[in-house]
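Top to bottom, those sequences are chains A and S. The first sequence begins at 1 in our numbering and counts up one residue at a time. The second sequence begins at 1 in our numbering and counts up one residue at a time.
In short, the hints are calculated from the structure, not lab data. Watch out, some of these pointers could steer you wrong.
Stated by the list, open to error - The calculated lysine to aspartate or glutamate pairs, modelled on DMTMM-like cross-linking and capped at a C-alpha distance of 20 Å, are:
(1) S:89 to S:49
(2) S:82 to A:180
(3) S:23 to S:75
(4) S:82 to A:55
(5) S:89 to S:57
(6) A:35 to A:55
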Amino acid sequence: MGNETNASCLVAPLTLGYSDQYSHGEAMTEHPEKKHLLSSVQMARFVAHGAFRMDGVVPASLNERAIAVFDEGVARAYAGAPLEEAYPEGSFVRELLDLPEVAGAIHSLVGPSPLIDHHAVHIREARNGSAQPLHADAIIDTRDDAFDVQLMYYPQDVTLDMGGTLSVPGTHLRRINESDTGRYQNMRGQTRLVCPAGTVQFLHHGIWHGGRRNDSDTTRYMFKIRFNPTVRQRLLWNTDDLHDPAVLEELRVRFPWHENASGRIEYVNRTRLWRALTGDPAFDLDYWMTRVENRPQRVLPSV
Amino acid sequence: MTTSTTRQQVLVLYLATSALDAKVIAWSRYDGTGQTNPAAGDSDEPPYETGVEALLDGWRLFQVSPLIPPYPGAEYETSFLKHEFLFEKLT
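Just chain S, same shape as in the assembly (with noise of 0.2 Å):
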């Protein structure tokens, strides 16, 4: 690998509504420069309050999770969280 090969840095963020100015309820990230080293459970704070607060520090929005109805018979019935948002940096 040479130094000037551009790398990914993946922000995700799951927010409280499918709206991308909610406030966030979950996080994780991924660094493919290798400078930084995430895991489960690293930090109680999120990075942003809010999705949009991402794009004002520069991060760019390149996957947004479906809208999907809940399925017949399952309407009460809760599993994964429903609102990603998929960031990224170029570094």
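Next up, chain A with everything else stripped away, as it sits in the complex (with noise of 0.2 Å):
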């Protein structure tokens, strides 16, 4: 839901196709430090979870400034816009673009120079009467070795009434298209948002969301922004940790909306996506899918 009832988006889009000029802009940063970038047991988790949150990494001398220019628009370039370009140096964006744990994180999960897809500044306004429809954003996507990210920064605390964004872990790897999904109105192991000031979190393309109804005196600020990758997205973290047995650990998460049975072919969707990630076509998770690949070809002979 790009311009959502209930939600205001300060800026209207203005899409004009995919660039090819991402090349003469100046990078966005240099390559983030390896510090920075997220560990192969946070991409696991990423893949498994479809989001990754940071709490408080916005200095809140940015945090103190966002509301501001969040409520004066953010000039929003064309669709596919180059990050340098949609956010040239000295600009809000930028700042909170170039934070090191936000830049190790967009490097880690889409790469280098990525471009804008859009962005958007959403309001909710204090006792608004209404919720989104629990839906995933743009139209179905059936991309199965890359993936958009989104970022989500909420400039000021937000509390559980305040309406923070609803999301649920593990639906993003689900084929729907947009708000077919918005019968559901609550799903077991479903997140909240509730989270201090200078949050960000990354969230898959695919994974199933929603402002929810804003039933406190405080009007809430959140600024999203989608990323599309122009690099293949394989091994693009830290992988020091890519053996580790934490990660089979992350990728075999249940939740407790899984359904008995399809709830196992997520194991399949997270695999496929590893085998992406990683370049590595043999990699397996609990054997699912070995088994049913398993389609011997040595003929023996006759007796």
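Two independent chains are provided; combine them into the complex using the hints.
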């Protein structure tokens, strides 16, 4: 939902199509330091959850300026603009994206010089009367070897009654189209975001989510940017711990909303994505894929 | 509208298997009486642990999702929740 009901989008989208000029801008940053990249365990967690969250990562000095910036509106580039062009040096958003931890996460997930699909300032007015239906953004997306990520930045403390973003971990690999999931109001294991000011979360483009009803007296702000990768998303993170058993533990997590049967199919989805991200076509998770891919071709001589 | 009109309250439960006594994994409510205003993300705890618990509390089951075989070629794809049960109360 780009321009959702009950959420104000301060700047109208300007869609001119994808650009092939992203190499003209300056690099967003130098390659993030290794210590700021995600680890393999964190990437595996993202593959399983479809979300990665950094609480309070943005300093107060930026948070304090954010709401005035968002009230004024953030100039919007055309869809597919290079990051460096969409957010010039010195702009508020560029400052946000150049924070080492934020830059490291973006690099780990989508690589260097991503394109800006779109951004939006979402404002949930105090005592706002309704919630968004549970949805995935854009349209049904059948890619299994690439994904977009959506950064969501919360410049203020978000309490439960302020209607922080609802999301359902693990739903991102399900193939649905936008708000067809609107009938689902609540799912076991859902996340109703409560966070300190300066929190940033990254969501896989397919995750089911929505802005909740704001039952508080405080207007809530959230700034969202969708990034498109420009490189193959393979081993872009800190891979020092690639073979840590904790990677498998993250990938095999079950969520409380899983049905008994289709919950098992989620292991297949994750295995496919992990294979794509690591370039290891033989990777398997607890033998689920090996079993159903086993089609021996060796023919024994007849007796 | 008169106060004597019968109105419908709808409860939708999504269960972990196709069995009505299976665990509730997701839920929704719609209230034709206007006395409540359910919304997405308004609760982390389901109203019942199983579908049968809803029956025991007086909800009438009026629709069950059919069992549909996987589409050829898409056996390993996941999409909507599969086991949807719709209940009503008339008040």
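Evaluation of the provided hints:
1. Taken as a hint, the residue 89 of chain S and residue 49 of chain S pair is honoured in the structure, with Cα atoms around 18 Å apart against an allowance of 20 Å.
2. Distance check on the hinted pair: residue 82 of chain S and residue 180 of chain A sit about 14 Å apart at the alpha-carbon level, within 20 Å; holds.
3. With a C-alpha separation of about 24 Å, the suggested pair residue 23 of chain S and residue 75 of chain S falls outside the 20 Å cut-off, and the hint is violated.
4. Annotation: proposed proximity of residue 82 of chain S to residue 55 of chain A is violated, straight-line Cα distance about 34 Å (limit 20 Å).
5. At roughly 10 Å between alpha-carbon atoms, residue 89 of chain S and residue 57 of chain S fall within 20 Å of each other, so this suggested pair holds.
6. With a C-alpha separation of about 17 Å, the suggested pairing of residue 35 of chain A with residue 55 of chain A holds against the 20 Å cut-off.
Against the hints set out earlier in the document, violations occur for numbers 3 and 4.
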